[in-house]
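Visitor: Now for the letters of each chain:
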Amino acid sequence: MLRFILTRVSLIIPTFLGITLLAFFLIRLVPGDPIETLAGERGIDPARHEQLLKEYGLDKPIFVQYGIYLSRVLQGDLGKSMITQEPVLNEFKALFPATVELAFCAILFALIIGLPAGIIAALRRNSIFDHGVMGISLTGYSMPIFWWGLILILVFSVQFDLTPVSGRIDVLYYIEPTTGFLLIDTLLSEEEGAFRSAVEHLILPTIVLGTVPLAVIARMTRSAMLEVLGEDYIRTAKAKGLSRFRIVALHALRNALIPVITVIGLQIGVLFTGAILTETIFSWPGVGKWLIDAIFRRDYPVLQGGALLLGVVVMSVNLLVDLAYGLINPRIRHTR
Amino acid sequence: MTTETMEAPAVAAPTATPPHPLREFWGYFSANHGAVAGLVIIVTVVLVALLADVIAPHDPNITNTALALKPPFWQDGGSIAYPLGTDPIGRDILSRMIHGARLSLLIGIAVVTISIALGTVLGLVAGFFRGMTEIFIMRLMDIILTLPSLLLAIVIVAVLGPGLMNAMLAVALVILPHYVRLARAAVITETSKDYVTAARVSGAGTVRLMFKEVLPNCTAPLIVQASLGISTAILDAAALGFLGLGAQPPSPEWGTMLADAREFVLRAWWVVTFPGLAILITVLAFNLLGDGLRDALDPKLKR
Chain A
1 MLRFILTRVS LIIPTFLGIT LLAFFLIRLV PGDPIETLAG ERGIDPARHE
51 QLLKEYGLDK PIFVQYGIYL SRVLQGDLGK SMITQEPVLN EFKALFPATV
101 ELAFCAILFA LIIGLPAGII AALRRNSIFD HGVMGISLTG YSMPIFWWGL
151 ILILVFSVQF DLTPVSGRID VLYYIEPTTG FLLIDTLLSE EEGAFRSAVE
201 HLILPTIVLG TVPLAVIARM TRSAMLEVLG EDYIRTAKAK GLSRFRIVAL
251 HALRNALIPV ITVIGLQIGV LFTGAILTET IFSWPGVGKW LIDAIFRRDY
301 PVLQGGALLL GVVVMSVNLL VDLAYGLINP RIRHTR
Chain B
1001 MTTETMEAPA VAAPTATPPH PLREFWGYFS ANHGAVAGLV IIVTVVLVAL
1051 LADVIAPHDP NITNTALALK PPFWQDGGSI AYPLGTDPIG RDILSRMIHG
1101 ARLSLLIGIA VVTISIALGT VLGLVAGFFR GMTEIFIMRL MDIILTLPSL
1151 LLAIVIVAVL GPGLMNAMLA VALVILPHYV RLARAAVITE TSKDYVTAAR
1201 VSGAGTVRLM FKEVLPNCTA PLIVQASLGI STAILDAAAL GFLGLGAQPP
1251 SPEWGTMLAD AREFVLRAWW VVTFPGLAIL ITVLAFNLLG DGLRDALDPK
1301 LKR
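First to last, the sequence lines map onto chains A and B.
Residue numbering for the first sequence follows the numbering used here, starting at 1 and increasing by one per position.
Residue numbering for the second sequence follows the numbering used here, starting at 1001 and increasing by one per position.
Since the hints were made in silico from the structure, they are not lab data.
Don't take every hint at face value.
Not the full set, but computed from the structure, chain B residues with beta-carbon under 7 Å of chain A [to be verified]:
#, residue
1, I1143
2, L1147
3, L1173
If you want a taste of the chain A side facing chain B, the calculated C-beta under 8 Å gives, among others [claimed, not checked]:
#, residue
4, T15
5, G18
6, L26
7, L29
8, L138
9, Y141
10, P144
11, L150
12, I151
13, V158
14, L162
15, I276
16, P301
17, L303
In silico negatives: residues of chain A with every beta carbon more than 10 Å from chain B [stated by the list, open to error]:
#, residue
18, L22
19, V30
20, L53
21, Q75
22, V100
23, I112
24, G132
25, V199
26, T236
27, L242
28, F245
29, A249
30, L253
31, I261
32, V321
33, L323
It should be emphasised that the depicted structure is a prediction, and the values quoted were computed from it without experimental measurement.
Ideal Cβ placement from N, Cα and C applies to all residues, glycine included.
Only chain A is shown next, with the shape it has when bound in the complex (with noise of 0.2 Å):
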């Protein structure tokens, strides 16, 4: 097992190394002179200019420059917003659980939904159940998300004023952030109404980032569920006699469960993604509108930064799941 976790883990270094080298000869593509771009559109003095390029290493041989910048990230040094001066770090940390709690709540709104749907799916095969859950989620799967979240608000927020447009909570509120995580925040602060608010802004968002997901989890149930329900062992449960209940719940959803994981463990990769769209839908303020507003700000270290961090966490997410994997099926652990 230990030696299973190692190699796993050790796996990880060249791809963090490659996503460093990403990043910073990504930032080395944008035309003109980094000490300038960095500067921004004021202009720099020619002596504040040299002094800069000493200080950021930028007169050294590039693989120097990649050195120093390697060091500079392991030591959780990633730059300043060119705007807010304030470290990129500091600000990731500050916006990163309002995208946490949306990723979460669209996973369990994705997995609540999905997971039945899969399993009924399978149970009826080719009924009229099964179709509509295929063609709706095929739907759900081709869905433009950026779209869907316009229409859910004209739907339920125009149409029927049910829910708020945009935002975490109602601005009535000022919550002292403590966990960052605001349903928690608020349950916490005891303030009338502040946790239904926060909720009312969580809706819409959550379904719209979970709609993929939620599409992906169902067919994917679905042909689990048909694969371990032709097995030889499923029969023989059925031959002792055990109840239907006990054949679905016990013997073939455990097994099936096996890739369904696997695939949501790679969903939460594309989740970050989708929070991209949907917070700048949604004005969520989260890492994704951030990003976002950064590249329209021309405020480079925070894209570099933010796009390395969020890459580190997604490569550190599907980390979790290899190991995850490894634990609740032993033949994976034994081969290789």
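Once you've looked at the hints, dock chain B against the given chain A.
Guide: Chain B alone, transformed into the frame defined by chain A:
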């Protein structure tokens, strides 16, 4: 014993002539109603795109502020001259969508063509040469796959500068690993087969082996992936357009149309509804087609 086994196929062969591969393919494909529906939609979109100049009722770029935000014809204040209404600066939405079909298809096809061409060559090279070349190429592809696709595309476009060309390049790069992996896997399974050895023994060079012998035998998965790739490309390019990083206004690209109309969503539902519906239907059609192709072309899944 031996005579029996020798005779059996000789008797069976003339009675059961296998159907022509295309016929067999169509048999499997047409049994899947979803796939046929997808194909019909795609053919329609292609025709609309080809005939855009003829069938679009108006010029997609002519503005007329007097006609701004007219609703579709079935609502009060709408007129049949502008069947799906007009946008905030009085352009006909239907005409813009028709011309947008041209752009979206072009994006999908161009992106996938670039990606397949590059991906197949990289995959073939990795599969044939193995060793360091393979490790380098596959590690690079793993890194691209690790990063969420849209995030990578956004960063690339942010650096290269917004625009349709850069958006297409970014999306092509992001979907590249799928083709590289497919081609490499196919090469590795195919090269151990007898026909490749036979060709090698008769003196075929590596390039000939790569493109004349192995490549034709791994086209099926590539075709399936191409269909699914077009849907990803259209979706991602539209997302980039929506974020203001893809095609720039006044281009009638569907995602860009949505971005243009976003602030009017509370007043005029039609400016956002129709372009998005066009994206959804087109992407869905390519996904349906891809699923159908996979079932029809992949012998492992044939039941």
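Visitor: Each hint should be assessed against the structure and marked as holding or not.
Guide: Hints and how they fare:
1. For the restraint placing I1143 of chain B at the interface with chain A, the shortest Cβ-Cβ distance is roughly 4 Å, inside the 7 Å limit, so the hint holds.
2. Interface hint at L1147 of chain B: satisfied, since its Cβ lies 5 Å from the closest Cβ of chain A, which is below the 7 Å cut-off.
3. For L1173 of chain B, the interface hint is violated, since its Cβ never comes within 7 Å of a Cβ in chain A; the closest pair sits about 11 Å apart.
4. The closest approach between the C-beta of T15 of chain A and any C-beta of chain B is roughly 6 Å, which is under the 8 Å cut-off, so the hint is satisfied.
5. For G18 of chain A, the shortest C-beta to C-beta distance to chain B is roughly 4 Å, which falls under 8 Å, so the interface hint holds.
6. For the restraint placing L26 of chain A at the interface with chain B, the shortest Cβ-Cβ distance is roughly 5 Å, inside the 8 Å limit, so the hint holds.
7. Because the closest C-beta pair between L29 of chain A and chain B is about 5 Å apart, less than 8 Å, the hint holds.
8. With 8 Å as the threshold, the beta carbon of L138 of chain A comes within range of chain B, its nearest partner Cβ sitting at about 6 Å, so the hint holds.
9. Residue-level restraint check for Y141 of chain A holds (minimum Cβ-Cβ distance to chain B is 7 Å; threshold 8 Å).
10. Against a cut-off of 8 Å between C-beta atoms, the interface hint on P144 of chain A holds, since the closest Cβ of chain B lies about 5 Å away.
11. Here the hint on L150 of chain A is kept, as its CB sits about 5 Å from the closest CB of chain B, short of 8 Å.
12. Interface restraint check for I151 of chain A: the shortest CB-CB distance to chain B comes to about 7 Å, inside 8 Å, so the restraint holds.
13. For the restraint placing V158 of chain A at the interface with chain B, the shortest Cβ-Cβ distance is roughly 6 Å, inside the 8 Å limit, so the hint holds.
14. For L162 of chain A, the shortest C-beta to C-beta distance to chain B is roughly 15 Å, which exceeds 8 Å, and the interface hint is violated.
15. Annotation: I276 of chain A was flagged as interfacial toward chain B, and the flag holds, the nearest CB pair being 6 Å apart, inside 8 Å.
16. With 8 Å as the threshold, the beta carbon of P301 of chain A stays out of range of chain B, its nearest partner Cβ sitting at about 13 Å, so the hint is violated.
17. The interface hint given for L303 of chain A holds, since its Cβ lies 6 Å from the closest Cβ of chain B, which is under the 8 Å cut-off.
18. Not every beta carbon of chain B lies more than 10 Å from that of L22 of chain A, the smallest distance being close to 7 Å; the non-interface claim is violated.
19. With 10 Å as the threshold on Cβ separation, the claim that V30 of chain A sits away from chain B is violated: the shortest Cβ distance comes to roughly 5 Å.
20. Against the 10 Å criterion, L53 of chain A stays outside the reach of chain B, whose nearest CB is about 21 Å from its own CB.
21. For Q75 of chain A, the shortest C-beta to C-beta distance to chain B comes to about 23 Å, beyond the 10 Å cut-off, and the non-interface label holds.
22. Chain B leaves V100 of chain A outside its interface by the beta-carbon criterion, the shortest separation being 15 Å against a cut-off of 10 Å.
23. The Cβ of I112 of chain A sits about 23 Å from the closest Cβ of chain B, beyond the 10 Å cut-off, so the non-interface label holds.
24. The beta carbon of G132 of chain A is kept farther than 10 Å from every beta carbon of chain B, the shortest such distance being approximately 13 Å.
25. Non-interface status of V199 of chain A relative to chain B is upheld: no Cβ of that chain comes within 10 Å, the nearest being about 23 Å off.
26. At roughly 24 Å, the least C-beta separation between T236 of chain A and chain B is larger than 10 Å, which holds for a residue marked as non-interface.
27. For L242 of chain A, the non-interface assignment is confirmed: its Cβ lies about 28 Å from the closest Cβ of chain B, beyond the 10 Å cut-off.
28. Non-interface status of F245 of chain A relative to chain B is upheld: no Cβ of that chain comes within 10 Å, the nearest being about 29 Å off.
29. Listed as outside the interface, A249 of chain A is consistent with that label: its C-beta sits roughly 28 Å from the nearest C-beta of chain B, beyond the 10 Å cut-off.
30. Non-interface status of L253 of chain A relative to chain B is upheld: no Cβ of that chain comes within 10 Å, the nearest being about 24 Å off.
31. Non-interface status of I261 of chain A relative to chain B is upheld: no Cβ of that chain comes within 10 Å, the nearest being about 18 Å off.
32. Against the 10 Å criterion, V321 of chain A stays outside the reach of chain B, whose nearest CB is about 12 Å from its own CB.
33. Once the 10 Å rule is applied to beta carbons, L323 of chain A is consistent with being away from chain B; the minimum gap is 16 Å.
In this structure, the earlier hints numbered 3, 14, 16, 18 and 19 are contradicted, and the remaining ones agree with it.
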